[in-house]
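K.L.:
Residue-level listing of the chains:
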Amino acid sequence: MSSRLGGFLPAVPALLLLFFFFLFPVVRMLGYSVEGGSFEWYAKALGEGLYLQVFWNTFEIALFVTAICLLLGYPLGFLLATTTPFWATLGFIFVLLPLWTSVLVRTYAWMVLLGRNGVFNRLLVQSGLIADPLPLLNNFTGVLIGMVHVLLPYMVLPIYGAVRRVDPALISAAQGLGASNARIFRRVYLPLTLPGIFAGAVIVFVLSLGFYITPALLGGGRVIMVAVMIEQQVHQTLNWPFAAALSASLLVVTFAVYAAAQRFTRSATEA
Amino acid sequence: MAANEAKRSADLKVEGLQKRFGDVVALDGVSLDITSGELLTILGPSGSGKTTLLKVVAGFEKPDAGEVRIDGTDITALPPAKRDIGMVFQNYALFPHLTVRANVAFPLEMRNVARVEIDRRVGETLQLVELAGYDQRLPKQLSGGQQQRVALARAIVFNPRLLLLDEPFGALDRKLRETMQLEVRRLQRRLGLTTIFITHDQEEALVLSDRVAVMNKGRIQQVATTTEIYERPANDFVADFVGESNIFHGTVTEPGVISLEGGRRLLVNSTARTVGQRLGVLMRPERFSRGTNVFAGEVKEAVYLGVSFKLRIACDDGLELIVRQPARGELPAPGTRMSVSIDPGDIHVF
Chain A
1 MSSRLGGFLP AVPALLLLFF FFLFPVVRML GYSVEGGSFE WYAKALGEGL
51 YLQVFWNTFE IALFVTAICL LLGYPLGFLL ATTTPFWATL GFIFVLLPLW
101 TSVLVRTYAW MVLLGRNGVF NRLLVQSGLI ADPLPLLNNF TGVLIGMVHV
151 LLPYMVLPIY GAVRRVDPAL ISAAQGLGAS NARIFRRVYL PLTLPGIFAG
201 AVIVFVLSLG FYITPALLGG GRVIMVAVMI EQQVHQTLNW PFAAALSASL
251 LVVTFAVYAA AQRFTRSATE A
Chain B
1 MAANEAKRSA DLKVEGLQKR FGDVVALDGV SLDITSGELL TILGPSGSGK
51 TTLLKVVAGF EKPDAGEVRI DGTDITALPP AKRDIGMVFQ NYALFPHLTV
101 RANVAFPLEM RNVARVEIDR RVGETLQLVE LAGYDQRLPK QLSGGQQQRV
151 ALARAIVFNP RLLLLDEPFG ALDRKLRETM QLEVRRLQRR LGLTTIFITH
201 DQEEALVLSD RVAVMNKGRI QQVATTTEIY ERPANDFVAD FVGESNIFHG
251 TVTEPGVISL EGGRRLLVNS TARTVGQRLG VLMRPERFSR GTNVFAGEVK
301 EAVYLGVSFK LRIACDDGLE LIVRQPARGE LPAPGTRMSV SIDPGDIHVF
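Chains A and B, in that order, are what the protein sequence lines are.
Following the numbering used here, the numbering of the first sequence begins with 1 at its first residue and continues without gaps.
Following the numbering used here, the numbering of the second sequence begins with 1 at its first residue and continues without gaps.
Any given hint could turn out to be false.
Said to hold, decoys possible - Partial pick of chain A residues on the chain B-facing surface, computed with a CB cut under 7 Å: (1) P168; (2) A169; (3) A179.
Claimed, not checked - Residues from chain B that keep clear of chain A, each with C-beta distances beyond 12 Å, as calculated: (4) P79; (5) Q90; (6) N112; (7) R189; (8) L321.
Hints were generated in silico from the structure; no laboratory data involved.
Positions of the beta carbon are idealized from the N, C-alpha and C atoms, including for glycine.
Turn these sequences into a full structure, and let the hints steer you where they fit.
P.N.:
This is how it looks when you write it as structure tokens:
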């Protein structure tokens, strides 16, 4: 008993921190959302078309971001896991760079690149590939590009780990048994890295749901995600109870997604 | 099915194989001939190049020089998937996400065999390795021996031209290993499958093989039948690596007599050896019983091994001998004086 307690002690500072700065504020916020014992703000958040639309937008963006991250991240993670250490290190620096850069710097850099007179559009127009600049900023596309950029590492890392865990002898065995590269991928790599894919997809999706700065800046006010809407309620309309109700709803949805994914992952890896 | 497989089983010829990894020479001119239906063991210590040789045959490594031929066809440039060679890996390399059935069906699916035919052959092969009824299990739900059988089934189900086994029993305990050795031998005979078996365990090599190729430092030291390897090793390395041995060197002083370094004269049976020739002499510890070569000395160490006593004897003429005697009576205490003798016919000269 005493040894169990002793093992628990070093974690106390972190637990206190979590309690006072995380759990307590969340509970306070939940309190705000049902101020006066009424659920009217929840009814408003989940009942009015405008707000439901924002929730739906958020889901749509998160889904797109997850899908694009997966399409880009799997080949990248696979490559990093199978290449020589030199190229793997170099690749990792580039993959992780966005995580080491300030959100604002990163996002403004994208604005410079993606704007009507930005680097991309000028290159494309000057090279004669297109006549008019592409709308890459202040819209859905811009938000996707910015979010994929910063969330890609969260997809690449678990996939990299999963590919690294595949025993090379299994690949040799598959080759020796007559499998082509395409079939080795489909029958061996893919099923064995599925847990990594799920893990990456869940992290990216869940993080996407709460994104704020990137959609706020690259969306130019035209792409509203839940977090952006919450900020507006707090700062512009000063409607704290409604902001709290929106936050709580987002929290519940996020938990639900996470739990569903966990169950799905477990049944998929056990099968 | 058996007849079908015997027909497809091939002979293998390996010629002048060279392979370097940086400064390490893994294969230094290896040539081998394996006839159809034969089980050849490649025996050697770790780092002798035996695994590299197997990888070159299977196609996982490209040799720097030399060729691999199956039934006369050069397959050196062929990728592993096109070689039609069944292989059992050291740690089985079973697909952990596939059931026993799916593991065994894998090579057939890769060959686009019809569903019905796959079911039939998987069923037959699982029966052959005595795993009928286990088809829906996952590899992790099986014991080591059972996993081994699945690996074996997967390697033979597609009627390969050649079967390669890379130290397959290393992870099994002694009893199970012996059972599996006999089982592999039985299966291999029954299917008439040309087989290369890799091991560092000389006992395993003696149990299993038609012939043994002893490898060291990237070279084949000797290829011969098991008795030949044990009784008439070609050099010091083979004599020392296979079985226990007393090895000495000396010079022929007159026909049938060798003077060892240190002066001891030995009567040997080998005919017409040139006087002045330097030779190696091998005396197996269990061959000391009676004979014209008598060694008197003092027991330095005595170990009881159940079947036999193992004695280290320091002889008066300066030689040190390892001798095995049937375990009868008292174990001689260290310091005991005793004499042992060996017949010239039991001394191998090389």
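K.L.:
All hints are to be evaluated individually against the structure, with a verdict given for each.
P.N.:
Hint check:
no.	hint	verdict
1	P168	9 Å, violated
2	A169	4 Å, holds
3	A179	5 Å, holds
4	P79	7 Å, violated
5	Q90	8 Å, violated
6	N112	10 Å, violated
7	R189	23 Å, holds
8	L321	45 Å, holds
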